[in-house]
Amino acid sequence: TTKEVGIEVNVQISEFTLQNHKMMLLDPSIMKHKDFQHTRKTVLAGASDVACAEVVHTTNRYHWRLVGQRYDVMSWAPDKRNYHDIKAALNHDYSRKFPNKLRPGET
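Mapping of the sequence shown onto the working numbering: residues 5 to 111, in sequence order.
Quick caveat, the hints were computed from the structure, so don't treat them as lab data. Certain hints may be false.
To be verified - Okay, derived cross-link-like pairs now, DSSO-like style, lysine-lysine, Cα gap no bigger than 27 angstroms in a straight line:
no. : residue 1 : residue 2
1   : 45        : 84
2   : 26        : 45
3   : 26        : 36
4   : 38        : 84
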């Protein structure tokens, strides 16, 4: 059996898509990130630009596949939910400040 790759090339506007996701350059902030530096120096031979295609984009997580490489890159954005809104949903019997409010028998 063969798996459909899902590659499209639009020659008129020079657009390359991989499984309905446009190819783009990896964000410079990811390229400069300290966790990415080892991969950039060893596998990518110090490349200044790297082509990637988005695999999944959720609210706080980004997942790119590096084109022509066997590497995926994932990045998480800070959670922007307002925890004060859900504070009323907490059960106060099971939540307390730690470590000053230990109950008898807890060490």
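Outcome of the hint check:
1. Restraint check for residue 45 and residue 84: not satisfied, since their Cα atoms lie roughly 33 angstroms apart, outside the 27 angstroms limit.
2. For the given pair, residue 26 sits about 25 angstroms from residue 45 by alpha-carbon distance, which is consistent with the 27 angstroms threshold.
3. Only pairs whose Cα atoms come within 27 angstroms are accepted, and residue 26 paired with residue 36 is accepted, the gap being roughly 22 angstroms.
4. Taken as a hint, the residue 38 and residue 84 pair is honoured in the structure, with Cα atoms around 24 angstroms apart against an allowance of 27 angstroms.
Checked against the numbered hints given earlier, the structure breaks only hint 1 and satisfies all the rest.
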